[in-house]
Amino acid sequence: MALAKLKEDATLARLAGITLPEGATWATAARSDALARLSAMGLPTRRDEYWRYTDPASLIVADAPPAALFDNGEGPLFAGVDRIALVFVDGVFDAAASSDLAGEGLEIHRLADVTQRDIHWAKDLYGTLEHRGQHPVERPLAALNTAFASDGIVIRATAQVSKPVHLVYLHQSTTSDATLHNLVRVEAGASLTLLETGPGAARLSTCLEVDIAERGQFHHIRAQGNDHERRAVTHCFAQLAAESVFKSFTLTFNGVLTRNECVIDIRGDDAVAHVAGACVGDGADFHHDDTVFVTHDALRGESRQVFKKVLRNGAVGVFQGKILVKQGAQKTDGYQISQSLLLDDDSQFLAKPELEIYADDVACSHGSTTGAIDETALFYLRSRGVPMEVARNLLTLSFLAEALAEIEDQALADELQSRLEGWLARRT
Amino acid sequence: MLEIKGLQVKLEEEDKQILKGVDLSIAPGTVHAIMGPNGSGKSTLSYVLSGKDGYTVTGGSAMLEGADLLEMEPEERAAAGLFLAFQYPVEIPGVGNMTFLRTAVNAQRKARGEEELSAGDFLKVVRAKAKDLQIDAEMLKRPVNVGFSGGEKKRNEILQMAMLEPKMCILDETDSGLDVDAMKLVADGVNALRSEGRSFLVITHYQRLLDHIKPDIVHIMADGRIIQSGGPELALEVENNGYADILAGVA
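If you read the protein sequences in the order shown, they are chains A and B. Under my numbering, think of the first position of the first sequence as 14, with each following residue one higher. Under my numbering, think of the first position of the second sequence as 9, with each following residue one higher.
One or more hints might be untrue.
[What the hints assert, rightly or not] If the Cβ cut is set under 8 Å, some of the chain A residues that face chain B in the computed set are: (1) A385; (2) I386; (3) T389; (4) Y393; (5) R397; (6) M401; (7) L407.
[Claimed, not checked] In silico DSBU-like pairs for lysine-lysine, Cα to Cα no more than 35 Å straight-line: (8) B:K24 to B:K118; (9) B:K192 to B:K118; (10) A:K176 to B:K139; (11) A:K260 to B:K175; (12) A:K176 to A:K20.
Calculated from the structure, these hints are not laboratory results. Predicted model only: the values in this text are computed from it and were never measured. Virtual Cβ for every residue (Gly too), placed ideally from N, Cα, C.
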């Protein structure tokens with residue numbers, strides 16, 4: 014079906030201003046392919062089913078809306094962790110501030126280098142999972158990313174890697190507009206932990222494609238912050254082979270607009286995929302959207318979605334989560350919970366949980382709740398002498414605890430917890 | 009210690025008078041018990057004294073050592089020395105019992121202008137007190153009351169009381185849901201806290217608890233008023249004859 018005229022015009026106008034990065038033949042082909050897909054589907058508008066609750070306009074407009082810098086004085090996250098830190102400033106790789114592109118059991122490159130060369134596994138992966146993830150739901154901003162991403166990190170884990178790889182996204186220019194594309198291949202029996210932190214730019218688009226081979230394990234912990242006016246659209250496409258494990262957790266602070274899409278494809282038997290997130294938003298300018306799509310296409314797969322949002326002063330949270338169980342994906346265990354804590358009457362949570370099941374021997378459940386601070390618990394704490402605001406903060410942390418519990422590494426979880434405490438304390 | 013005069017309370021949401029003029033005077037170092045049939049207003053009295061929402065005071069006063077309780081926020085009442093052991097202690101997932109205790113203790117110390125306890129000092133004190141109540145390290149680490157048995161929850165209430173060292177302790181049906189051994193443990197915990205400067209108000213349905221926590225004075229509450237007061241023998245009379253005689257006698 015032809016695109017609506019308006020949508021087509023808007024898409025053409027947006028693409029007119031950008032040129033594809035240069036690269037090897039394969040890279041140019043992959044980018045042109047993504048561009049062709051994008052042109053065919055058009056950029057999103059609020060009329061699109063999956064953008065009904067989130068206005069994509071400011072993610073698409075040619076000039077990124079400016080975003081002031083914000084320093085809460087807490088210093089960089091995970092600075093004390095023994096890790097391979099790779100730093101991007103407004104989307105530009107900072108070699109001087111970064112660790113060497115090497116590690117035991119690891120192959121690490123910059124995407125900007127890879128696209129000039131012939132590294133077969135990276136070549137095979139770039140844009141492939143994104144392309145497949147366009148069905149049954151279109152994700153035009155992911156195709157836009159694949160077409161125009163200027164850089165990123167490409168990682169192959171060939172063993173159980175002890176040191177996490179940490180992508181540090183710094184934001185220094187108030188008008189920056191960054192597009193990064195990362196690739197991860199976890200080989201059979203290997204494991205990798207990937208950390209991502211920072212606002213990255215006034216407007217940041219990241220796309221992560223993760224290919225996990227048999228018995229491979231991938232852990233992903235991300236913190237998006239802190240600047241109040243930043244915007245971000247992120248995509249994660251993961252494919253899981255037999256007995257592999259994928260676990261992703263995202264903590265989001267502030268920002269005017271964040272859209273996190275996670276598309277998980279369980280293709281091998283006995284695989285496990287957990288995706289979780291917590292966000293805290295203050296003010297009518299805060300809009301946070303988690304859009305998750307988990308496909309079970311193998312036996313005995315286990316998936317889990319746990320999302321918690323704390324919203325105050327008119328902040329808006331969105332959750333669109335789907336579990337699709339294909340025919341033959343018997344003994345699937347799918348779970349989904351999305352919850353919001355509204356700290357006042359002005360804030361809003363919009364949830365669209367979906368289950369679509371074509372196998373007859375599965376256990377799938379989902380739930381979604383919206384609520385206020387529990388008055389009985391609040392009175393209990395106050396009756397012990399805990400002042401009102403401190404009690405509210407404790408109960409807010411209590412609400413978020415189930416999502417944070419999804420992080421397996423306790424030290425990393427504690428660090429994120431302390432950032433949450435700081436965020437709440439600054440508002441007390 | 010606690011002076012309640014003509015206290016009248018109704019529900020905020022509906023026009024229903026619960027307390028119809030309660031008079032109660034508790035001297036320092038004494039243990040008072042309130043007994044009474046269901047719906048007589050016993051729990052309401054404990055909630056109103058500790059500052060729970062949902063009630064409107066329509067008359068009378070409640071003073072703790074000369075300070076007007078009814079004017080204070082719940083946390084101010086706690087800092088002033090009031091403690092309510094809940095009939096149904098609340099579960100708070102995600103907040104460690106230890107974190108909760110330390111936050112409460114230090115908040116009260118701060119409110120009273122005292123120095124906060126260091127983590128180390130706090131740990132020492134809490135471990136010793138927990139041991140007396142047979143609360144193990146695992147229970148201190150777990151989220152507040154989550155997955156606790158009925159007995160564990162009540163012991164946890166008494167641990168909080170022991171840590172906060174209040175002057176005026178109200179126990180709201182602390183015996184409910186406890187077996188004999190658990191009740192004894194809780195009662196021992198309470199008895200260990202009895203002192204010259206500390207008073208107790210024990211609300212209960214049954215005389216049994218009062219075998220373990222021996223009251224100085226027993227009050228019978230019915231229809232929003234204290235209708236009779238006496239010594240421990242009054243509790244025995246209730247145990248043997250029920251409330252009917254007493255209610256009939258007043259009517």
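Please name the hints from earlier in the document that this structure breaks, with their numbers sorted from lowest to highest.
-> 1, 2, 8, 10, 11, 12
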